[in-house]
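*Asks:* One letter stands for each residue in the lines below.
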Amino acid sequence: MIVKSLAVRLGGALLTVLLASLVAFVILRVLPGDPVRLILGPLAGSRALAAERSALGLDQPIYIQYVTYVAAFVHGNWGFDYNSGQPILAEVTARLPASLELGFYALLLAFVGAVLTAVAAVYFNWKGPDYFFRAGAYFSLGSPPFWVGLMALIVFVQYLGVLPGPTGRLSTGVPAPPTLTHFYTFDAILSGQWGTFVDAARHLLLPAATLGLASYGYLYRLLRNSLLQVVDEEFMAVCRSKGLTRWQTMFRHALPNSLLPAVTGGGLLVAQLVAGSVLVETVYNWPGVGQLVVQSILVREYGVVEAFVLLSALAFVAVNLVVDALYVLIDPRVRRPA
Amino acid sequence: MAGSQSPASVPGEAIGALRARTGGDLTRFLHRGVAWLSARRELALGLGIVALIVVFAVVGPWVWRQSPLQVNLSQSLQPPMASHPFGTDELGRDILARTMAGAQLDLLVALAVTLAGGALGLMVGLVSAMSRGLVDILIMRVLDALLAFPPLILALAVAVALGAGTVSASIGIAVSVIPYYARLMRSEVLRVRSLPYVDAAVASGSGRFRLIRRHIVPHTWGTMLIQASSAVGYAVLTLAALGFVGLGVQEPTAEWGTMITSGLQYVLSGQWWIGVFPGLGLLALVTACSLVADGLSVHGSSGAAPTVLGGGGQEP
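Read top to bottom, the protein sequences are chains A and B. Position 196 (the first sequence) corresponds to 202 in this note's numbering; numbering is contiguous. Position 204 (the second sequence) corresponds to 619 in this note's numbering; numbering is contiguous.
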């Protein structure tokens with residue numbers, strides 16, 4: 007039964023991805039009058055335009071163009087970045103670990119922060135902390151990430167001088183740790199380079215906190231509301247009456263039950279992180295995919311943008327699929343035959 | 416908060432009921448209105464902030480008569496002082512005047528985008544819900560595909576395709592909000608449609624269009640109003656984000672996002688004031704929009720919860 011409901015979800019996700027690729031195709035290849043001009047930029051010569059046009063198959067009928075477009079993406083022929091002189095696929099792959107590491111720590115900070123503050127707000131059942139954290143959630147949801155980054159740079163780098171400036175993943179002159187997991191923090195620990203680890207962590211702190219801020223606000227509101235609901239349920243009274251302290255009921259019984267809605271929000275969080283990374287990586291000069299996208303926009307190198315748009319949809323659908331699968335595994339109530 | 420007194424479900428109905436009860440007596444109407452608002456502190460706070468920003472954008476330029484575009488290189492990068500309360504930027508332009516001009520532009524674009532995207536989204540949702548069958552399935556599939564993109568990225572793609580600029584950024588943002596409106600509208604119409612009084616209307620001879628116009632659509636306004644106030648905040652934030660990556664409003668027009676971009680170039684050389692004030696404006700406006708949306712939805716009776724709005728290109 008689990009397998010069947012998962013298969014149905016997988017089929018739906020594949021269909022969505024296919025339609026999403028059609029949407030991307032229509033927006034980026036059909037909407038602009040001349041997509042080749044868009045990809046190659048205003049300075050390209052007529053021979054380059056003609057070559058790219060036949061390379062993209064733009065002299066073909068539109069449905070064949072779509073099929074070639076999807077086939078090329080699946081085969082990894084994402085085109086060529088004329089700005090850096092590299093294939094786009096290679097460039098994105100090279101930059102992906104930086105983005106993933108940033109996203110991982112952003113999510114970690116947001117999640118830990120949201121759990122701690124939501125539990126605190128509900129546990130200390132008085133208005134002070136709750137008002138404070140709720141105001142914080144409004145702030146985190148309402149502030150543009152690139153502005154928060156600017157403020158953080160002003161306060162922590164320019165004024166206090168306690169954290170390194172936007173120099174990327176490591177200070178200049180610090181060599182990258184040997185590649186094991188592609189995450190600099192993990193690699194540095196695994197190879198015992200503590201100095202490099204501290205440097206990488208100090209560089210990660212501000213970007214990850216900035217990127218995680220919006221996710222924190224979202225998670226806090228979700229967790230607080232579901233905690234308030236769970237706390238009112240009858241089994242909480244049972245837990246208390248069998249002798250558990252309030253703290254134990256809170257952490258061992260209320261919290262796990264209230265995490266379920268947070269799992270559902272996983273897809274939204276990923277969308278938030280992908281969109282936010284474009285902005286935050288630019289602020290902190292973080293050598294990830296988001297920074298590449300903004301740099302490409304500025305020099306009108308739209309092949310990169312095209313690949314990124316489709317990739318972000320793919321990531322979003324994939325995460326939603328995983329979330330659905332997790333949900334089926336965690337919550338038996340969802341295991342109905344479709 | 417303030418959950419004890421919730422007489423009416425949807426704000427529009429509440430105002431109508433108030434008017435009926437007060438019998439047109441203006442002072443009593445206002446009195447009740449204030450009481451109604453003071454029972455909804457989030458809504459009152461949000462509306463208050465929005466009103467302040469509107470005054471800042473509309474009345475401000477009449478009081479502070481400096482041009483947002485006037486370049487004065489001898490006055491470049493001046494810190495805040497009496498003649499330039501917010502300082503000047505790298506071209507010596509007055510940042511207070513530019514923040515006001517940016518507020519005008521952002522409010523205007525947000526309103527236009529919310530109305531245009533909202534109108535289209537409502538139509539799509541209505542058609543989808545009323546037609547059912549194959550058309551419904553088809554529309555929902557396409558909406559799912561649009562929802563597969565993070566909204567900021569969808570807006571960005573459209574802006575790239577149409578060429579950087581205020582208009583194409585606005586179109587991009589409008590396109591990215593359509594699926595959210597449409598999905599919500601569809602579920603609202605389906606909810607209202609299943610209520611018994613709709614059957615009664617059909618039985619008493621209402622035609623299809625009368626049914627939609629008189630009996631179904633009016634009952635979706637409450638939820639749609641909540642969604643729209645979220646969408647205004649999203650539109651402001653996304654316009655700034657697109658400006659930040661160079662796809663939105665172009666120099667020299669004053670816009671909050673591009674002002675923050677230029678602030679970033681001078682942050683490490685100590686000129687902190689360039690990007691701070693437009694960012695504060697953004698924060699205030701977006702927060703006010705989510706306060707309004709929350710204040711409205713606390714007492715909203717409808718089943719469908721509108722999507723939560725927030726920073727960096729989240730769901731509208």
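Hints may be right or wrong, so weigh each one.
[To be verified] Here are the in silico distance ranges between beta carbons for each label pair:
no.	chain 1	residue 1	chain 2	residue 2	range
1	A	Tyr69	B	Ser491	53 to 59 Å
2	A	Phe138	B	Leu467	31 to 37 Å
3	B	Arg547	A	Val80	33 to 39 Å
4	B	Leu535	A	Asp238	39 to 45 Å
5	B	Pro494	A	Tyr129	27 to 33 Å
6	A	Pro338	B	Arg456	39 to 45 Å
7	B	Leu488	A	Gly63	30 to 36 Å
8	B	Leu488	A	Leu122	46 to 52 Å
[What the hints assert, rightly or not] Below, computed lysine to any residue pairings styled on SDA-like, alpha-carbon distance capped at 25 Å:
no.	chain 1	residue 1	chain 2	residue 2
9	A	Lys10	A	Cys245
10	A	Lys133	B	Leu460
11	A	Lys248	A	Ala268
12	A	Lys248	A	Asn263
13	A	Lys133	A	Leu24
14	A	Lys133	A	Leu234
15	A	Lys133	B	Ile552
16	A	Lys10	A	Leu24
17	A	Lys10	B	Met555
18	A	Lys133	A	Asn263
19	A	Lys133	B	Leu462
20	A	Lys133	A	Leu265
21	A	Lys133	A	Arg246
22	A	Lys133	B	Val582
23	A	Lys133	B	Ile464
24	A	Lys10	B	Asp559
25	A	Lys133	B	Met555
26	A	Lys133	B	Ser453
27	A	Lys133	B	Ala699
28	A	Lys133	B	Asp559
29	A	Lys10	B	Arg623
30	A	Lys133	B	Trp451
31	A	Lys133	B	Ala454
32	A	Lys10	B	Ile552
33	A	Lys133	B	Arg556
34	A	Lys133	A	Val329
35	A	Lys10	A	Pro267
What the hints contain is simulated information worked out from the structure, not anything from laboratory work. Model, not experiment: these values are computed from the prediction. We put the beta carbon where it would ideally sit given N, CA and C, even for glycine.
*Asks:* Take the hints in turn and mark each one as holding or not.
*Replies:* Okay, the hints, checked on the actual structure:
| no. | hint | in the structure |
| --- | --- | --- |
| 1 | A:Tyr69 x B:Ser491: 53 to 59 Å | holds, 55 Å |
| 2 | A:Phe138 x B:Leu467: 31 to 37 Å | violated, 23 Å |
| 3 | B:Arg547 x A:Val80: 33 to 39 Å | holds, 35 Å |
| 4 | B:Leu535 x A:Asp238: 39 to 45 Å | holds, 41 Å |
| 5 | B:Pro494 x A:Tyr129: 27 to 33 Å | violated, 45 Å |
| 6 | A:Pro338 x B:Arg456: 39 to 45 Å | holds, 41 Å |
| 7 | B:Leu488 x A:Gly63: 30 to 36 Å | violated, 51 Å |
| 8 | B:Leu488 x A:Leu122: 46 to 52 Å | holds, 50 Å |
| 9 | A:Lys10 x A:Cys245 | violated, 36 Å |
| 10 | A:Lys133 x B:Leu460 | holds, 18 Å |
| 11 | A:Lys248 x A:Ala268 | violated, 28 Å |
| 12 | A:Lys248 x A:Asn263 | holds, 19 Å |
| 13 | A:Lys133 x A:Leu24 | violated, 49 Å |
| 14 | A:Lys133 x A:Leu234 | holds, 14 Å |
| 15 | A:Lys133 x B:Ile552 | violated, 46 Å |
| 16 | A:Lys10 x A:Leu24 | holds, 21 Å |
| 17 | A:Lys10 x B:Met555 | holds, 23 Å |
| 18 | A:Lys133 x A:Asn263 | holds, 23 Å |
| 19 | A:Lys133 x B:Leu462 | holds, 23 Å |
| 20 | A:Lys133 x A:Leu265 | holds, 23 Å |
| 21 | A:Lys133 x A:Arg246 | holds, 23 Å |
| 22 | A:Lys133 x B:Val582 | violated, 45 Å |
| 23 | A:Lys133 x B:Ile464 | holds, 23 Å |
| 24 | A:Lys10 x B:Asp559 | holds, 22 Å |
| 25 | A:Lys133 x B:Met555 | violated, 42 Å |
| 26 | A:Lys133 x B:Ser453 | holds, 19 Å |
| 27 | A:Lys133 x B:Ala699 | holds, 23 Å |
| 28 | A:Lys133 x B:Asp559 | violated, 40 Å |
| 29 | A:Lys10 x B:Arg623 | violated, 40 Å |
| 30 | A:Lys133 x B:Trp451 | holds, 23 Å |
| 31 | A:Lys133 x B:Ala454 | holds, 17 Å |
| 32 | A:Lys10 x B:Ile552 | holds, 22 Å |
| 33 | A:Lys133 x B:Arg556 | violated, 44 Å |
| 34 | A:Lys133 x A:Val329 | violated, 34 Å |
| 35 | A:Lys10 x A:Pro267 | holds, 23 Å |
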